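The primary structure of each chain is shown beneath.
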Amino acid sequence: MAYGEKVMDHYENPRNVGVLDKDDQSVGTGMVGAPACGDVMRLQIKVDEKGVIEDAKFKTYGCGSAIASSSLLTEWVKGKTLDEASQIKNSDIAEELALPPVKVHCSVLAEDAIKAAIADLKSKS
Amino acid sequence: MNNKPIYMDYSATTPVDKRVAEVMMKYLTMDGDFGNSGSRSHYYGWQAEDAVDKARKQVADLVGADPKEIVWTSGATESDNLAIKGVAQFYQKKGKHIITLKTEHKAVLDTCRQLEREGFELTYLDPDSNGILNLDVLKNAIREDTTLVTIMHVNNEIGVIQDIEAIGNLCREHKVYFHVDAAQSAGKVEIDLSKLPVDLMSFSAHKIYGPKGIGALYVRRKPRVRIESQMHGGGQERGMRSGTLAVHQIVGMGEAFAVAKEQMADDIQRITKLKDRLVAGFSDMEEVVINGDLHQRYPGIMNISYNYVEGESLMMAISDIAVSSGSACTSASLEPSYVLRALGLSDELAHSSIRFSIGRFTTEEDIDRAIDLVRSKVEKLRALSPLWDMYKEGIDLSKVEWAAH
Numbered sequence: 004m005a006y007g008e009k010v011m012d013h014y015e016n017p018r019n020v021g022v023l024d025k026d027d028q029s030v031g032t033g034m035v036g037a038p039a040c041g042d043v044m045r046l047q048i049k050v051d052e053k054g055v056i057e058d059a060k061f062k063t064y065g066c067g068s069a070i071a072s073s074s075l076l077t078e079w080v081k082g083k084t085l086d087e088a089s090q091i092k093n094s095d096i097a098e099e100l101a102l103p104p105v106k107v108h109c110s111v112l113a114e115d116a117i118k119a120a121i122a123d124l125k126s127k128s
Numbered sequence: 009m010n011n012k013p014i015y016m017d018y019s020a021t022t023p024v025d026k027r028v029a030e031v032m033m034k035y036l037t038m039d040g041d042f043g044n045s046g047s048r049s050h051y052y053g054w055q056a057e058d059a060v061d062k063a064r065k066q067v068a069d070l071v072g073a074d075p076k077e078i079v080w081t082s083g084a085t086e087s088d089n090l091a092i093k094g095v096a097q098f099y100q101k102k103g104k105h106i107i108t109l110k111t112e113h114k115a116v117l118d119t120c121r122q123l124e125r126e127g128f129e130l131t132y133l134d135p136d137s138n139g140i141l142n143l144d145v146l147k148n149a150i151r152e153d154t155t156l157v158t159i160m161h162v163n164n165e166i167g168v169i170q171d172i173e174a175i176g177n178l179c180r181e182h183k184v185y186f187h188v189d190a191a192q193s194a195g196k197v198e199i200d201l202s203k204l205p206v207d208l209m210s211f212s213a214h215k216i217y218g219p220k221g222i223g224a225l226y227v228r229r230k231p232r233v234r235i236e237s238q239m240h241g242g243g244q245e246r247g248m249r250s251g252t253l254a255v256h257q258i259v260g261m262g263e264a265f266a267v268a269k270e271q272m273a274d275d276i277q278r279i280t281k282l283k284d285r286l287v288a289g290f291s292d293m294e295e296v297v298i299n300g301d302l303h304q305r306y307p308g309i310m311n312i313s314y315n316y317v318e319g320e321s322l323m324m325a326i327s328d329i330a331v332s333s334g335s336a337c338t339s340a341s342l343e344p345s346y347v348l349r350a351l352g353l354s355d356e357l358a359h360s361s362i363r364f365s366i367g368r369f370t371t372e373e374d375i376d377r378a379i380d381l382v383r384s385k386v387e388k389l390r391a392l393s394p395l396w397d398m399y400k401e402g403i404d405l406s407k408v409e410w411a412a413h
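Chains as they are written, first to last, in the numbering used here: chain A, 4 to 128; chain B, 9 to 413.
If you are wondering where the hints come from, they were derived from the structure by calculation, not from laboratory data.
Please note that a few of the clues may not be correct.
In silico BS3-like links for lysine-lysine, alpha-carbon gap of 27 Å or less [to be verified]:
1. LYS407(B) x LYS127(A)
2. LYS127(A) x LYS83(A)
3. LYS388(B) x LYS81(A)
Ranges between beta-carbon positions, derived for each pair [stated by the list, open to error]:
4. GLN122(B) x GLN90(A): 18 to 28 Å
5. GLN90(A) x LYS407(B): 32 to 42 Å
6. ALA391(B) x LYS92(A): 47 to 57 Å
Residues of chain B clear of chain A, computed beta-carbon distances all greater than 12 Å [unchecked claim]:
7. LYS65
8. GLY242
9. MET324
10. ARG390
11. SER393
What you are looking at is a predicted structure, and each value in this text was computed from that prediction instead of being measured.
Glycine included, each C-beta is placed from N, C-alpha and C at the ideal position.
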């Protein structure tokens, strides 16, 4: 299958790859997916005192579209409040990356990841 | 495209050998022998018939068969259908039980599923974790009403070779017919049907440098096997497979099999060396696993898992080489390869596999390029992989509770 330009760009040059300290009180970690399905995403966000996301990191095991979805997500959430970040829809990601129907689940996973990271952060406070 | 990727997917298909293409061209146009081999009344028909007879002998010669035992089909899929449905239906008064293996090609498995819908009973055997069928497992599955055992020779995904001689002997002992899908093995592994206890065998041309769209089914004459035909019409191929013979395809298959007979020893020697080079190139890497038995195998098909890296993203990264993956992320199912699952591989390992299949035109440079590329990309993708982090932290992934979706 041929990939779209934006998917290729994020896949070749993934943004914000890395790890944040999951025990830090200002860090939320969302791990979603399963090896059985062929994709696992770990998304981490770090908020400042005002509750604005100042940093985001990810690591993803999965196809090119899954990697691109999580890479794009880290770009989008930076500078957003938790409320704003929780508004991000999988359809926005799918549209931006021009994902074909069989790859839409990758964007769903990315939406799940940011929701899980926010929930983790809120559970700490 | 100027810089075409290096072709390492010979078990999907092979390029037609130039010698084969040249012969085929002589059977298409007005200045060639374009006749219908069924036209018994004139020169054009006789020429075509001679060409078909010659090709039939070439195919038979490679596998130690009698030319009269070769039935032309459109490919191995049709051969598998004709053999399995043909025997099942012809002998259904004797019994309606058929045995096969979970790692068979879909052409066999799906044919078996269809027979199940028609009221036959099927047993799908599990291979051992090395991909090889244990004879005791087969022995225990054979029943009074079993009419057919169908087991492949070389597996198309992992390259392991089943011991068809031993399986055939067991079938003879129990008076059960034995069909072998030899699409991946003819011309690559020694086959001598004058000695092997095999009743039916499927062949394909395009897996061995012949054209697509042509295959054959070997149907033993002594002791005789009867099959119910699946295609009805003009009664060609002694009634077993009607339809005007595709003369140009048939001469192509004949030539490909003749070339294979000549080159098989050299091909195997070269391919074994290339396989050793490929394997050595990855031997010092962590968490790299060769799937399927290491010894009882055809060296041209190597299925290798790079743990904690997902196969499709790896394929995308190594698009300079044309290979295939055991990960089925491209399909809607999200299920990894059923062959690898049948070996008991974990989901991660099954999703992380790449099949390299090497052939007549693969060079040492191709192998070296593949090694370099795969090594660097696996490293890159592992740096991206949360599973690799977890492995490095010593977490047992099988004990993690995943939020499956």
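Evaluated hints:
As the CA atoms of LYS407(B) and LYS127(A) are separated by approximately 25 Å, the hinted pair is consistent with the 27 Å bound. A hinted pair counts as satisfied when its Cα atoms are at most 27 Å apart, and LYS127(A) with LYS83(A) qualifies at roughly 19 Å. Only pairs whose Cα atoms come within 27 Å are accepted, and LYS388(B) paired with LYS81(A) is accepted, the gap being roughly 24 Å. Between GLN122(B) and GLN90(A) the beta carbon distance is about 50 Å. The supplied range of 18 to 28 Å is therefore violated.
Between GLN90(A) and LYS407(B) the CB atoms are about 35 Å apart, so this pair conforms to the stated range of 32 to 42 Å. Distance hint check: the CB atoms of ALA391(B) and LYS92(A) are about 29 Å apart, inconsistent with the given range 47 to 57 Å. For LYS65(B), the condition that its CB be more than 12 Å from all CB atoms of chain A holds, with the nearest at approximately 43 Å. With a closest Cβ-Cβ approach of about 42 Å to chain A, GLY242(B) is found to remain outside the 12 Å limit, as its non-interface label requires.
For MET324(B), the condition that its CB be more than 12 Å from all CB atoms of chain A is violated, with the nearest at approximately 5 Å. Separation of ARG390(B) from chain A is inadequate, the least Cβ-Cβ distance of about 9 Å not exceeding the 12 Å criterion. Taking the minimum C-beta to C-beta distance to chain A, about 4 Å, the non-interface status of SER393(B) is violated against the 12 Å cut.
Checked against the numbered hints listed earlier, the structure breaks hints 4, 6, 9, 10, 11; every other hint is satisfied.
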